[in-house]
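Undergrad: From first to last, the protein sequence lines stand for chains V and W. Under my numbering, the letters of the first sequence match residues 7 to 459, in that order. Under my numbering, the letters of the second sequence match residues 8 to 359, in that order.
Worth flagging that the hints you see were computed from the coordinates, not collected in a lab. Incorrect hints may have been included.
Dumping the calculated DSSO-like pairs for lysine-lysine here, alpha-carbon to alpha-carbon at most 27 Å [stated by the list, open to error]: (1) V:Lys369 <-> V:Lys70; (2) V:Lys203 <-> V:Lys115; (3) V:Lys292 <-> V:Lys70; (4) W:Lys161 <-> W:Lys114; (5) V:Lys292 <-> W:Lys101; (6) W:Lys14 <-> V:Lys18; (7) V:Lys13 <-> V:Lys203; (8) V:Lys369 <-> W:Lys161; (9) V:Lys292 <-> V:Lys369.
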Amino acid sequence: MHLELTKVPWLKRLLVSRWPLFLLRAATLAGFVLTVVAGLAGSPVGSHNFAIIFVWVAWWTFLKLIAIPLGGRAWCSVCPIPVMGEWMQQGALVEPGGRGLGLGRPWPKRLRNIWLPTGVFAVIGLFSAVILAQPRVTGWVLLGLIALAVVLGLVFERRAFCRYVCPIGGFIGLYSRVAPVEVRVRDRAVCATHQEKTCVTGNAQGYGCPWQAVPLALTQNTNCGLCMECLRSCPRDNIAVNVRSFGADLAQRAGRSLDQAYFGFMMLGSVLIYSTVMLGAWGNLKTAAYNVGTPAWFIYSAVLLAFTLGVLPGLFLLAVCAGRTLAGSKVPLKRTFIAQSHAIIPLGLMAWIAFTISFAFAKSSYVWPVLSDPFGWGWNLFGTAQWPWTPHLSSVTLLLQVLALLGGLVWTSIWVRRIAQEELPERSAARQSLPIMLYCLLFTIGMLWLLVG
Amino acid sequence: MVTRRMKTEWLARGLLTVLIAVAIATPLAARWIQVGSTNGATLELHARMPENGGWSLDVIHAVVGQPVHLRLTSDDVIHSFAVGQTNWPALDVKPGEVVETSLLFDKPGRYTFYCTRWCGPNHWRMRGIIEVQSPSGASGVASLPTSEPPLYQKLGLDIDAAPQLSPLAEQSLNELKGLPSAERGAALHVELPAELRQHDWLRTHTPAEAFSFLRNNSAYNELLDTQLWDVVAFAWRNATADAAIARGAQLYTRDCVACHGETGRGDGPAGRDLPGLQAMMPGITMPDAKRGPADLTDLGRMAGLSDAQLQGKLLRGGMGTGMPEFGSLYTDDQQWAVIAFVRGFVMNLTTK
Numbered sequence: 007m008h009l010e011l012t013k014v015p016w017l018k019r020l021l022v023s024r025w026p027l028f029l030l031r032a033a034t035l036a037g038f039v040l041t042v043v044a045g046l047a048g049s050p051v052g053s054h055n056f057a058i059i060f061v062w063v064a065w066w067t068f069l070k071l072i073a074i075p076l077g078g079r080a081w082c083s084v085c086p087i088p089v090m091g092e093w094m095q096q097g098a099l100v101e102p103g104g105r106g107l108g109l110g111r112p113w114p115k116r117l118r119n120i121w122l123p124t125g126v127f128a129v130i131g132l133f134s135a136v137i138l139a140q141p142r143v144t145g146w147v148l149l150g151l152i153a154l155a156v157v158l159g160l161v162f163e164r165r166a167f168c169r170y171v172c173p174i175g176g177f178i179g180l181y182s183r184v185a186p187v188e189v190r191v192r193d194r195a196v197c198a199t200h201q202e203k204t205c206v207t208g209n210a211q212g213y214g215c216p217w218q219a220v221p222l223a224l225t226q227n228t229n230c231g232l233c234m235e236c237l238r239s240c241p242r243d244n245i246a247v248n249v250r251s252f253g254a255d256l257a258q259r260a261g262r263s264l265d266q267a268y269f270g271f272m273m274l275g276s277v278l279i280y281s282t283v284m285l286g287a288w289g290n291l292k293t294a295a296y297n298v299g300t301p302a303w304f305i306y307s308a309v310l311l312a313f314t315l316g317v318l319p320g321l322f323l324l325a326v327c328a329g330r331t332l333a334g335s336k337v338p339l340k341r342t343f344i345a346q347s348h349a350i351i352p353l354g355l356m357a358w359i360a361f362t363i364s365f366a367f368a369k370s371s372y373v374w375p376v377l378s379d380p381f382g383w384g385w386n387l388f389g390t391a392q393w394p395w396t397p398h399l400s401s402v403t404l405l406l407q408v409l410a411l412l413g414g415l416v417w418t419s420i421w422v423r424r425i426a427q428e429e430l431p432e433r434s435a436a437r438q439s440l441p442i443m444l445y446c447l448l449f450t451i452g453m454l455w456l457l458v459g
Numbered sequence: 008m009v010t011r012r013m014k015t016e017w018l019a020r021g022l023l024t025v026l027i028a029v030a031i032a033t034p035l036a037a038r039w040i041q042v043g044s045t046n047g048a049t050l051e052l053h054a055r056m057p058e059n060g061g062w063s064l065d066v067i068h069a070v071v072g073q074p075v076h077l078r079l080t081s082d083d084v085i086h087s088f089a090v091g092q093t094n095w096p097a098l099d100v101k102p103g104e105v106v107e108t109s110l111l112f113d114k115p116g117r118y119t120f121y122c123t124r125w126c127g128p129n130h131w132r133m134r135g136i137i138e139v140q141s142p143s144g145a146s147g148v149a150s151l152p153t154s155e156p157p158l159y160q161k162l163g164l165d166i167d168a169a170p171q172l173s174p175l176a177e178q179s180l181n182e183l184k185g186l187p188s189a190e191r192g193a194a195l196h197v198e199l200p201a202e203l204r205q206h207d208w209l210r211t212h213t214p215a216e217a218f219s220f221l222r223n224n225s226a227y228n229e230l231l232d233t234q235l236w237d238v239v240a241f242a243w244r245n246a247t248a249d250a251a252i253a254r255g256a257q258l259y260t261r262d263c264v265a266c267h268g269e270t271g272r273g274d275g276p277a278g279r280d281l282p283g284l285q286a287m288m289p290g291i292t293m294p295d296a297k298r299g300p301a302d303l304t305d306l307g308r309m310a311g312l313s314d315a316q317l318q319g320k321l322l323r324g325g326m327g328t329g330m331p332e333f334g335s336l337y338t339d340d341q342q343w344a345v346i347a348f349v350r351g352f353v354m355n356l357t358t359k
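Bound-form chain V, shown alone:
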């Protein structure tokens, strides 16, 4: 399936225009500020504080259930965290031409990967039980993130924070590969004859790619923030926004790397551990995760890190080795490991979706009281402050979770097989795939046990 949205004139005008994006960013920034104020000054009770409910229930759910699966990095294009740094860099809020601030240094070569987001995600994961429950902590974490983004924006060029630091950016980038939206060049030959490459360097109509991507070389969504700058700056009208089939990027061999692979395992491990801690019936585990700094928490942290960064990839490596032996493959182990670890992206995304479903519908009714009383100060702005907690869709939650997990297993299995076939004949590819599919099956059974029982 391939449908070019930019062929629709009014849609293209909308995408090229700077005002819609600016207004969205300004609105999300104002919402962000409101969230920080609520987190720091509002009620310390999480279920009655806008910061907790809108960040960790509404936004986080929206991101995982809708924004990423359907829009890829669409959220990144309106994310409020980097905008202040970017506006300062550019010296303008809307149109290019301002006198910007900042040193504009290149991001260090050694850090041009997503190991740093992997680390930041792991650290946030270690504190997640506290961050998710305490508005003050959420407020400070959000403030810390925006401060970091501003500082990095003033020191380094373009959106280095988004691409190389932001843990959520890493998460979105990984799973944006399966989203059905992409920005790509229409005709590479046109780019080849365009020497100025204004999509990279920028011109009066648009900035050079803030994500430091080269649109000509874009084969996957991970490094494209859907900001539409290249659409504006391309003088040859050679940039297209397309609707495509889900998971199309998984077939792209370029851009597969060990850091991306490891981030994928971090995501698999995190969703398993969060499901265990937050949805499981083990009170001691919850206590350990919550009591930051205690010996129990250190043990929990060590287990989380060892499991996500050691056990899960280790077992996957064993599965890949077993597959190579079964298939008699001569393809280098590292290449197979990295390639196949990209096949489990759908498995991870669907596991996150299943995990999110377990609490999202049940907690969605917290949103209405918080809308009327965002700070827990006894307001009733819209008359919804007293709306009782109602677990929505509880009758279909289990079914949806099972469907998501099984769907993820099937989807990933298809890609395990396809990726194996890139370098092996069909029969060998099937043998190479079997142990990896078994690995995915065991993961799915684990998630089913944790979520469905």
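Following the hints, complete the assembly by docking chain W onto the known chain V.
TA: Positioned in the frame of chain V, the structure of chain W alone reads:
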């Protein structure tokens, strides 16, 4: 010359500034108006577990006849707001929700406000003071608003004295097969002596003394010891209104059950780690010198304590044992109601 680009930019900057200002200023201004508009007549009181700081106000000042408006909310778990020495119903204070109430005092004095929900291991420490002055401004608020000292103080009782049982009473108790029963006592159709029909006498004597009093009265010679104990139970029941027992049950459930347990055995979950009498009297060898709350079902002990002694224990608290003091909380009626209910653990007070 102002270019179109600059106009656009300034428009965007203005819009952004307004949005950010609204996001910051609106809630803070509204909060300021909310708190400031009442000119200080409304107090905001945050309830927090003692481990998290307890009540946000230690002292509330009030004047007789002038209402105090309170906005209450909890910052952690469910609490409840009650005012000692009154019969005002306790108000639940739920996390993140705001409830409002007004207090109007008709007598000056030092009242205690406290939490009635078992919010944590130190729940009973969650108390504050309401200093109520007379309209003339005279302070005189150093004391409880009650008019006279409690009975145990008037009697000068040593409330830590060991329970007293005569050999005769002790032997008869050992022979009992079950609890003394008010219903069986009533069924005997004996006339209670005048003393056992008087509140004052019953409150200042132990059940064991009542038993001995009956035993030494020739009018009851024909009754067996077990029957006399039933008469004693009937005497206590006879002196207690149904409503008092019901009120006592409510208070016991609210304030005592977490430590003393539903059945009064002293096996409530919150009492497990309390030091008990050993904290007060190290080296004590009394039978109840154990850790944890007192066993209110111990007939031998309870029969040797008068209601006045129980009142003393209730009002003063346990001096390190873990038993809170209820002297600043309970009215006279509430004290005697709880004691009447507690008597039910060792005497079956149910009657038809």
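Undergrad: Please write out, lowest number first, the hints stated earlier that are contradicted by the structure.
TA: Hint 8 alone not satisfied by this model.
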